[in-house]
Structure formats: structure tokens, C-alpha cells
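Q: Residue numbers (our numbering), protein chains in the order written: chain Y, 560 to 787; chain H, 48 to 307.
Where hints are given, some of them may not hold.
Residues from chain H that face chain Y, not an exhaustive set, calculated with beta carbons under 7 Å [unchecked claim]:
id, residue
1, 117
2, 182
3, 184
4, 189
5, 217
6, 218
7, 232
If you are wondering where the hints come from, they were derived from the structure by calculation, not from laboratory data.
Virtual Cβ for every residue (Gly too), placed ideally from N, Cα, C.
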Amino acid sequence: MIVAVDLSPLWISLQTAAVTIVIVFFLGVLSAWRVERLRSENVKIFIDGLFTLPMVLPPTVAGFFLLVFFGNNRLIGKFFLEYFGIQIAFSWIATVLAAAVIAFPLMYRSARGALAQVDKGILEAARSLGMTEWRVFWRIHLPNALPGIIAGGLLAFARGLGEFGATAMLAGNIAGKTRTLPLAVYSAVAAGDWDSAAVYVLVITAICFTVVIGLNVYQYRVKKQQES
Amino acid sequence: MRKFLCLVISLMALVMLGCGGKQEHADKTVTVHAAAAASLEKVFEQQLIPMFNKKHPEIKIQGVYDASGKLQSQIENGLNVDIFISAANKQMQALDKKGYMDSESIKPLLQNKLVLIVPAKNDGSIKNFADLAKAKHPAVGDPASVPAGQYAKEALTSLGIWEQVQAKASLGTNVTQVLNWVGEGSADAGLVYATDAALIKDKVKIIAEAPAGSLKKPVIYPIGILKQATQAVAAKELANFLQTNEAMQIFENYGFARVK
Numbered sequence: 560m561i562v563a564v565d566l567s568p569l570w571i572s573l574q575t576a577a578v579t580i581v582i583v584f585f586l587g588v589l590s591a592w593r594v595e596r597l598r599s600e601n602v603k604i605f606i607d608g609l610f611t612l613p614m615v616l617p618p619t620v621a622g623f624f625l626l627v628f629f630g631n632n633r634l635i636g637k638f639f640l641e642y643f644g645i646q647i648a649f650s651w652i653a654t655v656l657a658a659a660v661i662a663f664p665l666m667y668r669s670a671r672g673a674l675a676q677v678d679k680g681i682l683e684a685a686r687s688l689g690m691t692e693w694r695v696f697w698r699i700h701l702p703n704a705l706p707g708i709i710a711g712g713l714l715a716f717a718r719g720l721g722e723f724g725a726t727a728m729l730a731g732n733i734a735g736k737t738r739t740l741p742l743a744v745y746s747a748v749a750a751g752d753w754d755s756a757a758v759y760v761l762v763i764t765a766i767c768f769t770v771v772i773g774l775n776v777y778q779y780r781v782k783k784q785q786e787s
Numbered sequence: 048m049r050k051f052l053c054l055v056i057s058l059m060a061l062v063m064l065g066c067g068g069k070q071e072h073a074d075k076t077v078t079v080h081a082a083a084a085a086s087l088e089k090v091f092e093q094q095l096i097p098m099f100n101k102k103h104p105e106i107k108i109q110g111v112y113d114a115s116g117k118l119q120s121q122i123e124n125g126l127n128v129d130i131f132i133s134a135a136n137k138q139m140q141a142l143d144k145k146g147y148m149d150s151e152s153i154k155p156l157l158q159n160k161l162v163l164i165v166p167a168k169n170d171g172s173i174k175n176f177a178d179l180a181k182a183k184h185p186a187v188g189d190p191a192s193v194p195a196g197q198y199a200k201e202a203l204t205s206l207g208i209w210e211q212v213q214a215k216a217s218l219g220t221n222v223t224q225v226l227n228w229v230g231e232g233s234a235d236a237g238l239v240y241a242t243d244a245a246l247i248k249d250k251v252k253i254i255a256e257a258p259a260g261s262l263k264k265p266v267i268y269p270i271g272i273l274k275q276a277t278q279a280v281a282a283k284e285l286a287n288f289l290q291t292n293e294a295m296q297i298f299e300n301y302g303f304a305r306v307k
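This is chain Y alone, in the form it adopts within the complex (with noise of 0.2 Å):
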């Protein structure tokens, strides 16, 4: 099977995912620790569930109250139309907007199980020897919890991956802008061309397929590393 296909969503789709999972890992990361610092139960319920609702809801629903927000006749997106003279809506930092919103939460629940499983005892022994809250983030609670927060990281990547639902609302479905891969699998589904689809769904699938076999690999390297 050879058909010429236009590969630039893969492009768009690598660089979105990419740039994406940055953002979203010092987000998660750093809320992750943030939440996990504060003194009230009930606040650390709710603030949990409202981190990962984007995770459970439609992603038409994130993409909504996107709209609601960054729209250009809307509070952010008109403020950013007015003194940068950026307009988000139909632009490639919608598509990272939409992919953010929808891999944080497993970035930031990831992060949390891992800080959460961190021995307090050291944590506590490198207090009362004096470092500042910061270098006992830094220095010892996460190098303790990168495993975890490394294999939330490939989820939350290949979840950005494959948004789309909050994208097209958002981003729109502009060829060589904010044309993403699921969106192209969309678009040539609906126009019957089976042939490009096929090409987008085996890319797809490969890339996604890779990060949660690495994810697997490296999860198992940690596992033997730990026992010995």
C-alpha cells in the first residue's frame, strides 16, 4: 500500500505532545507536592478531585469551558487578543491548551501516588539537619519519587498525544496548523478515505504502543534495580 499522505500532522501532533508534556510536567509535579504540603484533608479531597476531573470528563466538556475561557470574545482570550495581539483560538497553542488540560491529570495523580510513597522518616531526618522545604523537595523527596513521576510523565505524553475532542473545538481543524493526528484520522475517516486514515492509525498506534512498552521496560529496570 503506497499513497502519498501529508504527514504534517504527525509534525504538529510530535511538537504539540512535546511541548505539552513539559508544561504539564512541572505543573503536575509541582502541584502534585504543593497539595501534598497542605494541612486540611477536606481542601486536599477537593482540590483533588477538581485536578483530575479533565481526566474523567468528556473531553468536549474541557473543550467547552476552553472556549468559555480562552474564546476571543472571552475574559483570557480576549485579553491576550487585545494587549499581545494573540489570538489563541485557532492557533498551535490551542492544541497544546486542549492537550494540557487533558494530561495533567494523570502527570499530577502519577506524581502525587509517587511523593505520597517517599519514607517520611528521611524527609524528616534531612529537616532536622536543616534544609529548607525547597532542597528537601529537590534534593531528596523527588529524586526518591522520579520512577513514579517518570512513568506518569509517558502517560501524560502519550495522552496529549491523542487528544482530541477539546482540540478541534478550541484549535480547530486548520491543515498544517492545528491539524493534529487524531484529527486527521477524523477528518479522512468522515471523507471515506480509508487509505490516509489507515497511514495515521498505524503511526498513531506505533508511537503510542512504544511509550507504553518503554514505560513497561523501564518500570521493570527500577523493579530489579530496587531488589538488588
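Given chain Y, work out where chain H should sit, using these hints.
A: Coordinates of chain H only, in the frame set by chain Y:
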């Protein structure tokens, strides 16, 4: 825990009982499954189906609304419908050629118009179809699957600006998506049907109709009954009703025109 289980089981029992009740009713009524272009959803659900139900309480209509190209592909892949109303002849002819349609039953039902719309709040720089070449973020239906997109392509090609517009256009996978993009101001101009624009009059402004001669053929919505129809008689009843004078007046209220 046990209380919870009891609750779940009794709820399930209730649901099953409910289903059983429906089954008995189903003997008397028949359900016609209709696949219709997305632009028909409002007029069908708000007016025509309730009207039809008053006349024929024994016939229930179950509608599926989407881009005509997608409906065509779904029908080819086993979507079980009795009647198909497409927003262009292309999909109807394709299905007919592949033997899905009862050829005798295919008739032109309605006519629509392609219009240029801009957000209600606009800077006035877009005044006619040719100005689409200047638009920053134009939106049209995907010509590969959306009839409104095919007409848009045809009209813009005849004006010699299709290539320019295509390069920066966001391609909607159905015409409602194009409408919402313009309504929300994401796109600064778009091409949709007059009937779509009529749905959100407060958010979009109609600037112009497709220039005379830019479309070779008028925008026709054909209706047809499928060979696989399990409720062919009831479907025929619906098709006849949609072509009555009474139904046409409703269609006109929603921006459609009669076939000349």
C-alpha cells in the same frame, strides 16, 4: 455495603421492569429511523417530528443527524436506517449507485443557500465572497466530507480564490462546527447554509449570498428510502408528509427554500 447492594439490585430490577413495559407498547407502534443532514436537526426535532406524530401517533421517528458524508459512510458500514436526507446529491447518488437506495423513492426535497457569515462583532473588513481571501482565519466545511464545504469550494474556485482560502482555512467536519467557530469569533469569516446562520442570528451576521453563477447547480437536499428499510411503509408516510405544503411552510421558517 449490604444495603448498597440491595439498592443496586432493586434499581436493576426496576430498570428491567421498565424495559418489559416498553416492549408491550412496541407492538402497536413502529419506529422509523431517519438519517438526516446536520442542518435539519432543529427543524425536525422542534417542529416537523412533533407535527408528524400528531397525525401518526403510531409512528415514532428516531433521527440521526450528522455530516451527510459521514452518514453515507455509516450507512455503508451498517447503520440501520429507513430513510436518508442528504444535504447534497453526491452522497445520495453514491449510495444509490452502490445499491443501498430504493432508486424510485429519491426526490429533491428542499433547496438551501450558501452564505458568507462573520461574527456579530466584526471589523467590517469582509464585505463579499472575494474578501474571504483576505480573512485571517476563514472556516469552511471539509470539501471531502461536508456538502456545504463542496459548495464553498465550488463557489470559491469560480472566484479564483480557493487555493488562497484553503491554505489557511479551518475545515469543519460538519457545518455546525463551522457555524460555532464563527459564532465564537475563533474564525473571522465562514461559509455555511442560510439555514445554519438562522440558528444563531444574535452571534453571526450574514454578509452575502453566493454570487450568481458561482454555483453550477442549486443546493438541493434529496430524500430517499433505503432498500434495507424495515419500516418502508411508515418511512414513505414520513417522506410524503415532508413534501406537503404544510411542512414546506415550516421549512421556509427555518431558512430553507422550495425546490423550483
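Q: State for each hint whether it applies.
A: A quick look at each hint next to the structure:
1. For residue 117 of chain H, the interface hint holds, since its Cβ comes within 7 Å of a Cβ in chain Y; the closest pair sits about 5 Å apart.
2. The beta carbon of residue 182 of chain H is not positioned within 7 Å of any beta carbon in chain Y (closest approach about 11 Å), and the interface hint is therefore violated.
3. A hinted interface residue such as residue 184 of chain H counts as satisfied when its beta carbon comes closer than 7 Å to some beta carbon of chain Y; here the least separation is about 5 Å, so the hint holds.
4. For residue 189 of chain H, the shortest C-beta to C-beta distance to chain Y is roughly 6 Å, which falls under 7 Å, so the interface hint holds.
5. With 7 Å as the threshold, the beta carbon of residue 217 of chain H comes within range of chain Y, its nearest partner Cβ sitting at about 3 Å, so the hint holds.
6. Because the smallest distance between the Cβ of residue 218 of chain H and any Cβ of chain Y comes to about 5 Å, under 7 Å, the interface hint for this residue holds.
7. Among the interface hints, the one on residue 232 of chain H holds; its C-beta lies about 4 Å from the nearest C-beta in chain Y, closer than the 7 Å criterion.
The structure does not agree with numbered hint 2 stated previously, though it agrees with all others.
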